[in-house]
Amino acid sequence: MNKGSKLAMGIAALSVLLVGCGKATSSTSSKGSSEALSGKVTAVGSTALQPLAAKAGANFTTKNSKVNLTVQGGGSGTGLSQVQAGAVSLGDSDIFAEEKAGIKADKLTDHKVAVVGMAPVVNKDAGIKNLKMAQVKQIFTGKITNWKEVGGKDQKIVIINRAQGSGTRATFENAVLKGATAVKSQEQDSNGAVQKIVATTPGAISYLAFSYFTNKLQAVSIDNVTPTDNNVQTNKWKIWSYEHMYTKGTPDKATAAFLKYMDSKDVQNSLVKDMGYISIHDMKVTKDAKGVVTQN
Amino acid sequence: MEQTNFQLKKQDAQSHEWETQLHHATKATREDWIGRGISYFCIGIIILVVASMLWFITSKGIATFTQNHVSLWKFLSGTNWAPDQGQIGALPMIVGSFAVTFAAAIVATPFAVGTAIFMTEISPNKGRKFLQPVIELLVGIPSVVYGFIGLAVIVPFMRHLVGGSGFGIISATFVLFVMVLPTITSMTVDSLRAVPRFYKEASLALGATRWQTVSRVILRSATSGILTAVIFGMARAFGEALAVQMVIGNAAIMPKNLISPASTLTSQLTTGIGDTIDGTLPNNALWSLALILLLMSLFFNAIVRVIAKRGQLKHER
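Chains as they are written, first to last, in our numbering: chain A, 95 to 390; chain B, 233 to 549.
Just chain A, with the same shape it has in the complex:
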């Protein structure tokens, strides 16, 4: 008897709670952002976007304590396929959904939240500070194999690639190789691993997002253009990509609010820059999924 009554009370309490929750969300939708937001937002995918998304997410949840927001890595491919499957609310990607085979891009909505510049990086011993675009291409296609051929030391070139299908690799190959096939070489699965290996392996070359540059490795200028945020904004520096957050269908309230927050001045003018990304508001050009760049 006692047990039964406790159970009944529990059920009653739970249903009151549930009804309360339901009311809260419905009132949010009717009255707009003045009421507290609630809900669950999961963002999965690109590891390049992950730090920014995680930081912005943390800030967002301190303001909206009822929103349960999780940010996970897993890679751009994971992000796109999970959002396509409807398993997560946001799929983070370094590349356009159109560029990935097996993804129906017309079913997804693109939200560009930042821009990332990437540049070739070499081990400091190689003695290289500037390369021609054609030379970079020849190095990664295996035509040039010694640093002395491009004005460096007499040292064998060790190419370190990112894994096939990686968003960073796709961006780099689109901008530099332009359809040519990269020579088979070492592959690493993260920016962190590339950073460490290039810094310690003599003759190593790879490519990294600007935020991963350290004084232990040499970022290379191409055709005397230095890899800086300003040069990316004008497209003088060609190797860059958007960081995308994809949604499927109409995003729910909490997701939409988070996307709005990502696009706000709060994030774009401080957080994005602090963390080594480039604000989409500062871009003076627009690039489409086919890589065609137009002036804004």
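There could be a bad hint or two in this list.
[Claimed, not checked] Restricting the straight-line Cα-Cα distance to at most 20 Å, the calculated cross-link-like pairs of lysine to any residue (SDA-like) are:
| # | chain 1 | residue 1 | chain 2 | residue 2 |
| --- | --- | --- | --- | --- |
| 1 | A | K250 | B | I485 |
| 2 | A | K198 | B | T512 |
| 3 | A | K278 | B | K488 |
| 4 | A | K218 | B | K488 |
| 5 | A | K290 | B | T502 |
| 6 | A | K237 | B | S492 |
| 7 | A | K198 | B | Q317 |
| 8 | A | K278 | B | G321 |
| 9 | A | K330 | A | K384 |
Simulated from the structure, these hints should not be mistaken for laboratory data.
Could you slot chain B onto chain A? The hints should help.
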């Protein structure tokens, strides 16, 4: 309630009570049923999990051949791995996996057997007090730590020693050597301890030296156990992903020597899986690699069973 009932019955009719006791299950019998139920339930769940995993990996793994129509022979013998361009020759990874596995086993076995002999025959006391905990400690270190040590110590060391980038089969071999050493050692110790005491006593009584006894009697009669230990070590090496991935360089090229970057089935899986889309060829191809891994571990298990059976027969005779 139960007790009063019992007493009543006792007063009323003794014979009736016997009857009920014989016709109804006792508390102990019911406990027995419950216990059996629980263990059947657990076994059922485990069987279900294993069976569904086998089914899942197999069905995903053969999709490459049934959906994408890649020929099995091309997959196993092709040397060009570029799934994004539809090229999925898995031979470089298969060769890489076997190369690191055999190399690690070959390097580790003498050390493991030597340690085991020391621990059982030469100095059992020190063995138990000092070496046993050390070996158990080696088992407990997570593989990412081995990989990190490999990246920070072995790779630069190999670079200075033999040149090149330092990444390659040789570095992976040394990392795996340390990782499989405890497995092989502790299993060898067990099999040496299982050798009947009178074998040793008889040998010594016949005037054989300690070395003769160890090498010709003890090792000989523990051979099947030692082989089992080595194969368990190889199974571990074959399946190790993270530590190998960090030091082998992950280049899907046919390994021409031990010092150039190569890749294994596992390293290709861990680097590639995050960037592929479910249901596409690059993703299916990775599942096919996983299927090879699964089949290989079944194969290793089968060998262990065959060896164990033969060893048993020999002891009986």
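Now for the hints, and whether the structure bears them out:
Our distance criterion of 20 Å between C-alpha atoms is met by K250(A) and I485(B), whose separation comes to about 18 Å. Taking the CA atoms of K198(A) and T512(B), the gap is about 12 Å. The hint holds against a cut of 20 Å. The hinted pair formed by K278(A) and K488(B) meets the criterion: a straight-line CA distance of about 14 Å does not exceed 20 Å. Of the pairs offered as hints, the one joining K218(A) and K488(B) is violated, with about 29 Å between alpha carbons and a cut-off of 20 Å exceeded.
Of the supplied pair hints, the one linking K290(A) and T502(B) holds, its CA atoms being roughly 19 Å apart against a limit of 20 Å. As the CA atoms of K237(A) and S492(B) are separated by approximately 19 Å, the hinted pair is consistent with the 20 Å bound. Distance hint between K198(A) and Q317(B) is fulfilled; the C-alpha atoms sit about 19 Å from each other, no more than 20 Å. A threshold of 20 Å between alpha carbons decides the hint, and for K278(A) with G321(B) the separation of about 13 Å falls inside it, so the pair holds.
At most 20 Å may separate the alpha-carbon atoms for a hinted pair to count; K330(A) and K384(A) meet this at roughly 18 Å.
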